[in-house]
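Trainee: Sequence:
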Amino acid sequence: MANNEERSPKGVDRGLVAMYKILDGPTSWVKETFVQPFQKKYPYYHRRFNRVPTIDQCDVNEVACIYEAQEQWKRDKMVDSKIVRILKDRYIDCNYYEGEDAPVKCASIAAVSEEAATNWFIKYGDLGYNSTVVEAYMKQKHRMIWERRKSPEAV
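Per full-length UniProt numbering, numbering of the sequence shown is gapless, rising by one per residue and ending at 155.
Check each hint, because a few of them may be wrong.
The calculated DMTMM-like cross-link candidates involving lysine to aspartate or glutamate, where the alpha carbons are at most 20 Å apart (straight line), are [said to hold, decoys possible]:
#	residue 1	residue 2
1	Lys-105	Glu-115
2	Lys-123	Glu-62
3	Lys-141	Asp-56
4	Lys-77	Asp-93
5	Lys-74	Glu-153
Pairwise CB distance ranges (calculated) [as the list claims (entries may be wrong)]:
#	residue 1	residue 2	range
6	Ser-151	Thr-118	15 to 21 Å
7	Gln-140	Asn-61	36 to 42 Å
8	Asp-101	Val-63	36 to 42 Å
9	Asp-126	Thr-33	41 to 47 Å
10	Ile-86	Asp-126	18 to 24 Å
11	Asn-50	Pro-9	53 to 59 Å
If you are wondering where the hints come from, they were derived from the structure by calculation, not from laboratory data.
By construction, the Cβ of each residue, glycine as well, lies at the ideal position given by its N, Cα and C atoms.
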(Lines of atoms letter the chains of each structure in order from A and count residues from 1; the text may use other names and numbers.)
(Lines give C-alpha, C1' and ligand atoms only; values in the text may rest on other atoms or scores of the structure.)
Protein backbone atom coordinates (compact mmCIF):
# COMPACT_ATOMS: atom_id res chain seq x y z
CA MET A 1 0.00 0.00 0.00
CA ALA A 2 2.89 2.36 0.58
CA ASN A 3 3.83 2.22 -3.08
CA ASN A 4 0.33 3.21 -4.22
CA GLU A 5 0.29 6.21 -1.89
CA GLU A 6 3.64 7.51 -3.18
CA ARG A 7 2.60 7.33 -6.84
CA SER A 8 0.94 10.26 -8.49
CA PRO A 9 -2.60 9.68 -9.68
CA LYS A 10 -2.99 8.36 -13.22
CA GLY A 11 -4.98 11.41 -14.19
CA VAL A 12 -2.03 13.70 -13.51
CA ASP A 13 0.24 11.49 -15.62
CA ARG A 14 -2.25 11.49 -18.46
CA GLY A 15 -2.58 15.25 -18.19
CA LEU A 16 1.18 15.78 -18.39
CA VAL A 17 1.45 13.47 -21.41
CA ALA A 18 -1.43 15.27 -23.11
CA MET A 19 0.15 18.67 -22.39
CA TYR A 20 3.46 17.42 -23.81
CA LYS A 21 1.77 16.15 -26.97
CA ILE A 22 -0.14 19.41 -27.41
CA LEU A 23 3.03 21.49 -27.16
CA ASP A 24 5.48 19.16 -28.88
CA GLY A 25 3.25 17.68 -31.58
CA PRO A 26 2.95 20.69 -33.91
CA THR A 27 6.61 21.66 -33.60
CA SER A 28 7.75 18.10 -34.29
CA TRP A 29 5.41 17.88 -37.28
CA VAL A 30 6.75 21.13 -38.77
CA LYS A 31 10.34 20.03 -38.20
CA GLU A 32 9.82 16.57 -39.72
CA THR A 33 7.71 17.83 -42.63
CA PHE A 34 9.40 21.07 -43.69
CA VAL A 35 12.86 21.34 -42.15
CA GLN A 36 14.51 17.90 -42.16
CA PRO A 37 13.67 16.83 -45.74
CA PHE A 38 15.57 19.82 -47.15
CA GLN A 39 18.71 19.38 -45.06
CA LYS A 40 21.70 17.40 -46.23
CA LYS A 41 22.32 14.49 -43.93
CA TYR A 42 26.08 14.24 -43.39
CA PRO A 43 27.66 12.54 -40.43
CA TYR A 44 29.73 14.93 -38.38
CA TYR A 45 32.97 13.42 -39.66
CA HIS A 46 32.01 13.98 -43.31
CA ARG A 47 31.99 17.74 -43.10
CA ARG A 48 32.67 19.22 -46.50
CA PHE A 49 34.99 22.17 -46.89
CA ASN A 50 34.94 24.16 -50.11
CA ARG A 51 38.33 24.41 -51.76
CA VAL A 52 39.95 27.81 -51.46
CA PRO A 53 42.59 29.37 -53.72
CA THR A 54 46.07 27.96 -53.30
CA ILE A 55 49.00 30.11 -52.24
CA ASP A 56 50.15 30.65 -55.83
CA GLN A 57 46.75 32.18 -56.65
CA CYS A 58 46.91 34.70 -53.77
CA ASP A 59 48.27 38.22 -54.09
CA VAL A 60 51.33 39.13 -52.01
CA ASN A 61 49.57 41.28 -49.40
CA GLU A 62 46.21 39.51 -49.38
CA VAL A 63 46.21 38.30 -45.78
CA ALA A 64 42.80 36.61 -45.84
CA CYS A 65 43.66 34.56 -48.92
CA ILE A 66 47.01 33.50 -47.46
CA TYR A 67 45.32 32.49 -44.20
CA GLU A 68 42.70 30.42 -46.06
CA ALA A 69 45.42 28.76 -48.14
CA GLN A 70 47.34 27.95 -44.95
CA GLU A 71 44.29 26.37 -43.32
CA GLN A 72 43.51 24.41 -46.48
CA TRP A 73 47.08 23.14 -46.56
CA LYS A 74 46.86 22.08 -42.89
CA ARG A 75 43.65 20.14 -43.59
CA ASP A 76 45.20 18.49 -46.66
CA LYS A 77 48.28 17.52 -44.67
CA MET A 78 46.15 16.08 -41.88
CA VAL A 79 44.04 14.04 -44.32
CA ASP A 80 47.08 12.78 -46.21
CA SER A 81 48.78 11.82 -42.94
CA LYS A 82 45.73 9.89 -41.80
CA ILE A 83 45.51 8.08 -45.14
CA VAL A 84 49.17 7.04 -44.87
CA ARG A 85 48.58 5.90 -41.28
CA ILE A 86 45.53 3.82 -42.27
CA LEU A 87 47.43 2.15 -45.11
CA LYS A 88 50.34 1.39 -42.80
CA ASP A 89 47.97 -0.08 -40.21
CA ARG A 90 46.40 -2.26 -42.91
CA TYR A 91 49.82 -3.57 -43.85
CA ILE A 92 50.71 -4.28 -40.20
CA ASP A 93 47.38 -6.05 -39.66
CA CYS A 94 47.89 -8.10 -42.81
CA ASN A 95 51.36 -9.15 -41.64
CA TYR A 96 49.99 -10.12 -38.25
CA TYR A 97 47.06 -12.05 -39.73
CA GLU A 98 48.94 -13.88 -42.49
CA GLY A 99 52.03 -14.78 -40.47
CA GLU A 100 54.66 -16.56 -42.56
CA ASP A 101 52.71 -16.05 -45.80
CA ALA A 102 52.69 -12.27 -45.35
CA PRO A 103 55.40 -11.42 -47.91
CA VAL A 104 53.33 -13.07 -50.65
CA LYS A 105 49.79 -12.25 -49.55
CA CYS A 106 50.46 -8.70 -48.37
CA ALA A 107 52.63 -7.60 -51.29
CA SER A 108 49.93 -5.46 -52.91
CA ILE A 109 49.09 -3.76 -49.61
CA ALA A 110 52.79 -3.15 -48.99
CA ALA A 111 53.22 -1.59 -52.43
CA VAL A 112 50.25 0.75 -51.94
CA SER A 113 51.47 1.69 -48.46
CA GLU A 114 55.00 2.41 -49.67
CA GLU A 115 53.75 4.46 -52.61
CA ALA A 116 51.52 6.54 -50.33
CA ALA A 117 54.37 7.08 -47.86
CA THR A 118 56.71 8.11 -50.69
CA ASN A 119 54.17 10.55 -52.11
CA TRP A 120 53.54 11.98 -48.63
CA PHE A 121 57.28 12.50 -48.13
CA ILE A 122 57.64 14.14 -51.53
CA LYS A 123 54.93 16.62 -50.59
CA TYR A 124 55.45 17.17 -46.84
CA GLY A 125 58.80 15.61 -45.92
CA ASP A 126 61.65 17.76 -44.57
CA LEU A 127 59.26 20.62 -43.83
CA GLY A 128 58.95 20.13 -40.09
CA TYR A 129 55.93 20.31 -37.84
CA ASN A 130 55.37 24.08 -37.87
CA SER A 131 55.86 24.56 -41.58
CA THR A 132 53.76 26.95 -43.61
CA VAL A 133 52.12 26.76 -46.98
CA VAL A 134 54.73 29.18 -48.36
CA GLU A 135 57.53 26.80 -47.36
CA ALA A 136 55.67 23.91 -48.99
CA TYR A 137 55.20 25.97 -52.15
CA MET A 138 58.91 26.80 -52.23
CA LYS A 139 59.75 23.12 -51.78
CA GLN A 140 57.47 22.26 -54.70
CA LYS A 141 59.06 24.99 -56.83
CA HIS A 142 62.60 23.83 -56.05
CA ARG A 143 61.66 20.22 -56.80
CA MET A 144 60.24 21.22 -60.19
CA ILE A 145 63.44 23.15 -60.99
CA TRP A 146 65.55 20.14 -59.94
CA GLU A 147 63.46 17.77 -62.09
CA ARG A 148 63.76 20.12 -65.07
CA ARG A 149 67.56 20.22 -64.72
CA LYS A 150 67.78 16.44 -64.37
CA SER A 151 65.55 15.66 -67.34
CA PRO A 152 67.24 14.41 -70.51
CA GLU A 153 65.59 17.20 -72.52
CA ALA A 154 67.53 19.85 -70.59
CA VAL A 155 70.89 18.44 -71.68
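Trainee: Work down the list of hints and note, for each, if the structure agrees.
Mentor: To see whether the hints hold, each was checked on the structure:
1. Lys-105 <-> Glu-115: Distance of about 17 Å is within 20 Å: holds.
2. Lys-123 <-> Glu-62: 25 Å, violated
3. Lys-141 <-> Asp-56: Holds, because 11 Å separates the two Cα atoms, which is no more than 20 Å.
4. Lys-77 <-> Asp-93: 24 Å, violated
5. Lys-74 <-> Glu-153: This hinted pair is violated, its Cα atoms lying about 35 Å apart.
6. Ser-151 <-> Thr-118: 15 to 21 Å: About 20 Å separates the Cβ atoms of Ser-151 and Thr-118, which means 15 to 21 Å holds.
7. Gln-140 <-> Asn-61: 36 to 42 Å: Between Gln-140 and Asn-61, where Cβ atoms are some 22 Å apart, the hint is violated.
8. Asp-101 <-> Val-63: 36 to 42 Å: The hinted range 36 to 42 Å is violated for Asp-101 and Val-63, with Cβ atoms some 56 Å apart.
9. Asp-126 <-> Thr-33: 41 to 47 Å: Violated, since Asp-126 and Thr-33 (Cβ atoms, about 56 Å apart) do not stay within the stated range.
10. Ile-86 <-> Asp-126: 18 to 24 Å: 23 Å, holds
11. Asn-50 <-> Pro-9: 53 to 59 Å: Taking Cβ atoms as reference, Asn-50 and Pro-9 lie about 58 Å apart, which means the hint holds.
When each numbered hint is compared with the structure, violations occur for hints 2, 4, 5, 7, 8 and 9.
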